[in-house]
Structures are given as C-alpha cells and as structure tokens.
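Residue 1198 in this note's numbering is what sits at position 274 of the sequence shown, and the numbering runs on without skipping anything.
For the record, the hints were derived by calculation from the structure and aren't laboratory data.
Please read these numbers as outputs of a predicted model, since none were measured by experiment.
By construction, the Cβ of each residue, glycine as well, lies at the ideal position given by its N, Cα and C atoms.
Hints may contain errors.
Now the in silico label distances, taken between C-beta atoms and shown as ranges [unchecked claim]:
1. Ser-994 to Ala-945: 25 to 33 Å
2. Glu-1129 to Ala-1225: 35 to 43 Å
3. Leu-1115 to Val-1177: 47 to 55 Å
4. Ala-1002 to Ile-1083: 28 to 36 Å
5. Ala-1117 to Pro-1056: 35 to 43 Å
Only pairs whose alpha carbons sit at most 27 Å apart, straight line, appear in this in silico DSS-like list of lysine-lysine [as the list claims (entries may be wrong)]:
6. Lys-993 to Lys-1130
7. Lys-969 to Lys-1173
8. Lys-1027 to Lys-944
9. Lys-1130 to Lys-1173
10. Lys-1027 to Lys-993
11. Lys-944 to Lys-969
12. Lys-1130 to Lys-1027
13. Lys-1133 to Lys-1027
14. Lys-1173 to Lys-1210
15. Lys-969 to Lys-1027
16. Lys-1210 to Lys-969
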Amino acid sequence: MARLRLAFMGTPAFSAHILKALIASPHDIVCVYSQPPRPAGRGRKLMPSAVHIVAEDAGIPVRTPQSLKSPDVQAEFAALDLDAAIVVAYGLILPQAILDAPKYGCLNLHASILPRWRGAAPIQRAIMAGDPETGIAVMQMEAGLDTGPVLAETRIPIISETTAGSLHDELAEAAVPLLLATLERLGDPDLVATPQSAEGVTYAEKISKAEAAIDWTRSAIELDRHIRGLNPAPGAYFEHQGQRIKLLKARPVSGSGAPGEVLDDTLTVACGEGALALQLVQPAGKGPMSAAAFLNGRPIARGEVLG
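Please construct the entire structure, taking both the sequences and the accompanying hints into account.
Structure follows, in structure tokens:
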C-alpha cells in the first residue's frame, strides 16, 4: 500500500473509530480537523470532540476552525500538501478551495447507500423508514450535499432488532476495510467514481427533539421503527403523570383500544393499529429497566391513557 499524506476531518464517536484505524494504517495523518470544543455536562465545561481526543492522544495536530471560508484557513489547509482528506461526519461545509486542495480531493464516508438518505441522520432515518438495508459509501466530495460520485460501497441488512446504536457500530466496523481498500486504489485508473442516480434521492434531516415524542395514533409497526431509530439517543418517549419516560424497546403485538390506552397489567399499549408490548423503559434520572421493574415502582392501571 502506498503511503498517503492525509488530513482527517470529523467530530463524533463514529468518526473517531475511523480515525483510530487510519492512525494504525501505513498512511501519514498530518493534521486533524474537528468541531470546536462544546459545553457539556452539568458544569457546562468545554469538552473536545471524540475525534479531537483521539488525535491529541496520538500526537496529531488538531485544528478547530469555526468555519472553512476564511482565506487564511484555506491557505493553511492547502499548505498541508495532502494526497487526500478523509471526511467523516465533520459538521462544516467544505468550500470549493478546500475540496480542490488535496491531490485526490476529499473523500467522504457516508452512512447510507446513496442517493438514499443524504444529510445529517442517515442511520436513524433508515430504521425509522423501515428500509431493509443500508450501508456505507465512500464518496468523492463535491459542492452539493452528499451529491458526489461513489467510489465504493458496502451494504448491511436492517433486521427487526436493529437499533440506531447497534447499526452505528456495525457501520463503523464495516467502514474501516472499505476505506482502506479505497485508499489503496487511489490513483488507479480502474478505480471509477460512479455518479449517483437522479432517482431515489431522499434527505435524512437532523432528528428534532419534538419528533421524539411517541404519537400513539401511529401503527405499532411504525412506532417500533421509531423507537429503534431513536435508541439510544435522543430516545423516544411518552408521558405519564406529567413526567417523560423514554421507551427504548417494544414489541408489536395484536390488541386494540384507544391510542395510548394501557391494555393489561404488563404494559401493553394500544396504537392506531395494533399494540406495543413495552419491554425496556428509562424514567428520568434513572437507568434503563424492564417494564416489570418499572411497574413495581410506578403502577399504571389498565385503562389509563399514556401521553
């Protein structure tokens, strides 16, 4: 494998996993770009991103510009004299001057099978939509949002137990060999970037806090996907006696009643179509617990309607 001179641009834990693999590879990671430290925790202390921490631990210089639009920032990037930049959930728009600076351009690892689920939350949206599969794509970046041609991809099935958390981990593992194999072929004329289809384009908009609320008028199958797509974060929730309770796992079952109505003593709840047997919940300030353990401390009578 030819030793490439690379920059890495990313922010969350998903990106940090990829960075660790690149650090262990023969390639030379000369600089890392990440989002600036953000306030976190009760003390609102400034905390560096997961990528920032990994880079610092490895002794790699880290840059955290608020924007890449400044001519000075762009000149600093160009001065790195890169073969390529690897971009994984970075969070900033890359101007054309940044895209053009590396010899082989900027390569983006995107957690979907493009052109489906371009945008911010492809993992969650694929589950919530009931897609049978998703995957990872290595894309040659261009100015549009996730519109560039695809160099390589791999696919992963979505099954009835898949959550956003489990799919995140599967995709992160699958991304490493895909990226390394693509880097090994950079400059090979047989490595062809395939333009994305103009059909089947969807956008994975960022998950809003408002949509985490469970709407019991939806079908049990839809709500099962909704719950799994938001597990572990931000977590779908319902309300009982004015308190929010996260619902982390449920199973669609037969049953009918008013939407949100508790149908039995084991926390089966009626939906717009069918019912959900609640299995794993998390009250505010506590850890996840089974529905049975929850009911031991907080009885909910048959016939009550959850918000």
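(request) Would you pick out the hints that fail for this structure and give their numbers low to high? (result) 4, 5, 7, 12, 13, 15
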